[in-house]
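There are 2 protein chains.
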Amino acid sequence: MSYHQQLTIGLFGFGVVGEGLYKVLEKTPSLKATIKKVCIKNPEKKRNAPAELFTTDKNEILFDEEINVIVEVINESEAAFEIVSTAFKNGKAVVSASKKMIAEHLPEILQLQKETGLPFLCEAAACASIPVIRNLEEYYDNDLLHAIKGIINGSTNYILTKMFEDKLDFKQALLQAQQLGFAEADPTLDIDGWDALNKWCILLNHAYGIVASPQQIVFNGIQSIQLSDALVAKEKNYQIKLVAQAQKLQNGKVAAFVLPQFVKQEDHLAFVKNEYNGVVIESGFADKQFFYGKGAGSFPTASAVLSDISALRYDYKYEYKKLYHHVPGELTEDFYLKVYLSFDDWKYIPREKLEWIEEWHAEDDRKYLVGVLPFKELKNSTWWKENNTSLIVSPEPIIEDVEIRKLKKKSLELAGVI
Amino acid sequence: MSYHQQLTIGLFGFGVVGEGLYKVLEKTPSLKATIKKVCIKNPEKKRNAPAELFTTDKNEILFDEEINVIVEVINESEAAFEIVSTAFKNGKAVVSASKKMIAEHLPEILQLQKETGLPFLCEAAACASIPVIRNLEEYYDNDLLHAIKGIINGSTNYILTKMFEDKLDFKQALLQAQQLGFAEADPTLDIDGWDALNKWCILLNHAYGIVASPQQIVFNGIQSIQLSDALVAKEKNYQIKLVAQAQKLQNGKVAAFVLPQFVKQEDHLAFVKNEYNGVVIESGFADKQFFYGKGAGSFPTASAVLSDISALRYDYKYEYKKLYHHVPGELTEDFYLKVYLSFDDWKYIPREKLEWIEEWHAEDDRKYLVGVLPFKELKNSTWWKENNTSLIVSPEPIIEDVEIRKLKKKSLELAGVI
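First to last, the sequence lines map onto chains Y and V.
The C-terminal residue of the first sequence carries number 418 in the numbering used here, and the numbering is unbroken.
The C-terminal residue of the second sequence carries number 418 in the numbering used here, and the numbering is unbroken.
Note that these hints are calculated values from the structure, not bench results.
It is possible that some hints are incorrect.
Non-contacting residues of chain V with respect to chain Y, defined by C-beta distances greater than 12 Å in every case (computed) [stated by the list, open to error]: (1) E52; (2) G91; (3) E137; (4) F170.
Computed beta-carbon distance windows for the label pairs [what the hints assert, rightly or not]: (5) V:G117 x Y:G91: 23 to 31 Å; (6) Y:E403 x V:Q216: 52 to 60 Å; (7) V:K376 x Y:A51: 48 to 56 Å; (8) V:N48 x Y:L227: 56 to 64 Å.
Partial selection, computed: residues in chain V whose CB lies under 7 Å from chain Y [as the list claims (entries may be wrong)]: (9) N135; (10) Y292; (11) F299; (12) S303; (13) W346; (14) P350.
Just so we're clear, the structure is a prediction, and the values are computed from it rather than from any experiment.
Here a beta-carbon is modelled for each residue, glycine too, at the ideal position from N, C-alpha and C.
Pulled out of the complex, with its shape left as it was, chain Y reads as follows:
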């Protein structure tokens, strides 16, 4: 593809994002980008565009030599990957919004980019309207990234906000989110944390050069959070958020997870309410930065896709500098997490796994404790996700391996145990 040339686009998907994109491109001749053909699944459905624009045959687009850009905004992960890999093999640049597909096929997508030298842009796949991937690639490419954390799923954040502010219980809040279109009819992908997990895999790649599959990352959603947890949080002057977090440890490796978290009122993430997303980046030079905006929805997503298309005009591509030009980041399990656990019965809690317990409330129906767990325990077991047990990590939850002995001794002294 040559620089500043006309972009001829083959589009896959004509839902709210695809249609929005089509309309904007029509109105913006300055972009020098036109959609030549749109591939759809259901030819019977009425569309707000000329009939000759559509096809149900993907090869009509993928093998059209005039088309130099494939934009892919469909929902099926495996179909999306097939489109993307065929597009690459046929010499086409790709813009994708399919977070699940990208997270699950990261190694192959990286390989295809390497082999073909073609751009693959996916800003819409993580936090939509927040340009976090581009900023990680370009703006923090040479800066030492200490930590990154974010609220990267709008549905769960909406539900948590409503549980807090309007004291709705989980089911009522979810219903409201669905009525407003912030959660899908089948909300499992959002609620159970899968969506945040997929996005986190993508962002870990751009932030640290980590190539991790979703299976490697410890995560949970908000499905087990109870109204009683919200009350405890209120007492402690915390909010509960579903936080994706990563931090470079002293051993040079990276701690990363996606878990519900107690967030202090003065934390940047406490500012992120309702369906919004927010990302906090801590780096050596730029210090602490905070990006905030709409992380989903047709227009925010279309705006991210548009910005990627626009970038293709000057042949922009991710360089994955953290992966290829530096020593790529490596995940570690050798650290500890300070956690809050609430549960129905002590029998569900393997107390011997806790390094120490700092606080416990056992008198009520719903019991809880605050203690320290080896991260490996979360990685290798599932009790903390089961039997109605709710695990919420503390603010600044990460305790490094090198600090654990000292802190444990101090804690036991305070408790009068030693």
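Following the hints, put chain V in place on chain Y, whose structure we already have.
Chain V only, in chain Y's frame:
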């Protein structure tokens, strides 16, 4: 300059930013960018770099054919402009951090870019570590920008925060800012609003394609804000911030100014404390976005310069799409502002200029009122900056021309005047 080639840099200025940059580039061979020569003013000063790196002769750099990038981080505006224009004429790409120079020479700098086709990147000149220019250029290039507002001067924000949180008076707060290095020994440029004004000229250009000189923009600093104003703000549950604001009006033109402003607690800008900067962008697609980070200081500034250098490797340049590919934005004076005025004596306030007054407190030594002024009055007079009078605009201060009659009638009815 060709793509992904070695960048050979000539650097002007070796203060904290220049030296920081030198060190980082030395440590980052992957950047393929080396500083060949540094031009300094004072050859006697001890430098932490080999002596042969330095010269006091600018032409040794500007006419060196091997050097393809000029990085300019000096303080003198006119000298900086001469360096930049000579660099352009000699076919070199330019990275600049000189906000005053850019604001004052915007038309010439645009012309030089047009004539030579060379990149001129200046992310460090506005909000330092916050990548606001790049995001306005790339991310919002095709999106309808309704409004943009920001806290873009760290020194004044630090002082205002201290006046609020520690109840310091202006002079004490300034002294503390100076001791911590957040304000210059001569703080006039910051305090009186010049620095924010210069940055706002640059941002208006990238946001709306407006080419305005600093003389055209209504502005003030925080020099007249009194502790009593802070107390009134507290009563009303507002904060006071120095806010740069721009908004597209119904007539298609743009209202823009830099003035102290009452900010509601739930406003994104209320979150921006101490020396931090923050920018809120409201657009058609991406909705509301908020960028937050350090707006000054050696490392945040060096990080922005570095990110520009990195972008030159793929021949990135600003396209100024709002200016060249759309109908460029145009400033207007045809609107009204709701303002708070505090003053020592009624005689300093031309009451007849106020469209209406909603509130007044005349009993104390320090009197104040809340009323509506035509923006033209601020543009064409100076009484509101004089005689110890303090003008602070209200939250959402802009009243459009088309709404003024209706609102005036309503307000007079409420007051029982008609």
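* Quick one: which hint numbers does this structure break? Sort them smallest to largest. => Going through the list in order, the structure violates hints 3, 13 and 14 and respects the others.
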